[in-house]
Amino acid sequence: MERVGVVVGSGIGGLNTIEEQNLNLIKKGPERVSPMFIPMSISNMAAGNIAIELGTKGESVAMVTACASATHSIGESYRMIKHGYQDAVIVGGTEASITPIGIAGFMNIKALSQSTDKLRASIPFVMGEGAGIIVLEELEHAKKRGAHIYAEIIGYGATSDAYHITSPAPEGEGGARAMKIAMNEANVKPEEITY
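Position 144, counted from 1, in the sequence shown is what the numbering used here calls 144; the numbers after and before it change by one each time, with no gaps.
Read the hints as simulated data drawn from the structure, not as lab findings.
Note that the Cβ used here is the ideal one computed from N, Cα and C, for glycine as well.
Hints should not be assumed to be uniformly reliable.
Claimed, not checked - In silico lysine to aspartate or glutamate, DMTMM-like type, Cα no more than 20 Å apart, as pairs: (1) Lys57 - Glu76; (2) Lys82 - Glu152; (3) Lys144 - Asp117; (4) Lys180 - Glu191; (5) Lys143 - Asp87; (6) Lys82 - Glu2.
Stated by the list, open to error - Computed Cβ-Cβ distance ranges for the label pairs, DEER-style: (7) Ala147 - Ile103: 38 to 44 Å; (8) Leu23 - Met179: 40 to 46 Å; (9) Gly105 - Val135: 32 to 38 Å; (10) Gly55 - His83: 22 to 28 Å.
Whole structure, please, built from the sequences with the hints as guidance.
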């Protein structure tokens, strides 16, 4: 398990814990703040707890890149395996930011849909919570243990369009550049891609 890593991203971390413990501090004083406040609020604890539970001793890392945290986690895990640092990585993302302060913050930054039309309610951004975890594994390592292989990652690209705090550049330059980087790494041409 020394070459099995865990990378779990979260855009915010333990927002509910932060909110609750801040109220404890204000209403009841510092001695009523939970001794578990820090471990329960920092973003890397999902990865840390998975590593402890499963006994993985490779890298244990948290990506914190807003809405891209889980995707970024998958890409960086792919690179850990590609460059030989890990044989496998338990990877994904988790978020639980539906709290009064979370809703207020996203609402006031104009990042939430305020549509009451149920057919338009899924347009960006609607608050949600959840988690998703997959296992990435070096191909020969997976074959050796008889793993069912669902897909193969052959390229990854990540960029910043340096445009705005919540909006992508209108022409999609950053996303397009990330796709080109991934295609270059994978050594594929655009016409070879079906999706």
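Here's how the hints hold up against the structure:
no., hint, in the structure
1, Lys57 - Glu76, "holds (17 Å)"
2, Lys82 - Glu152, "holds (12 Å)"
3, Lys144 - Asp117, "violated (51 Å)"
4, Lys180 - Glu191, "holds (12 Å)"
5, Lys143 - Asp87, "holds (12 Å)"
6, Lys82 - Glu2, "holds (17 Å)"
7, Ala147 - Ile103: 38 to 44 Å, "holds (41 Å)"
8, Leu23 - Met179: 40 to 46 Å, "holds (44 Å)"
9, Gly105 - Val135: 32 to 38 Å, "holds (33 Å)"
10, Gly55 - His83: 22 to 28 Å, "holds (24 Å)"
Hint check: a violation occurs at hint 3 only; the rest are consistent with the structure.
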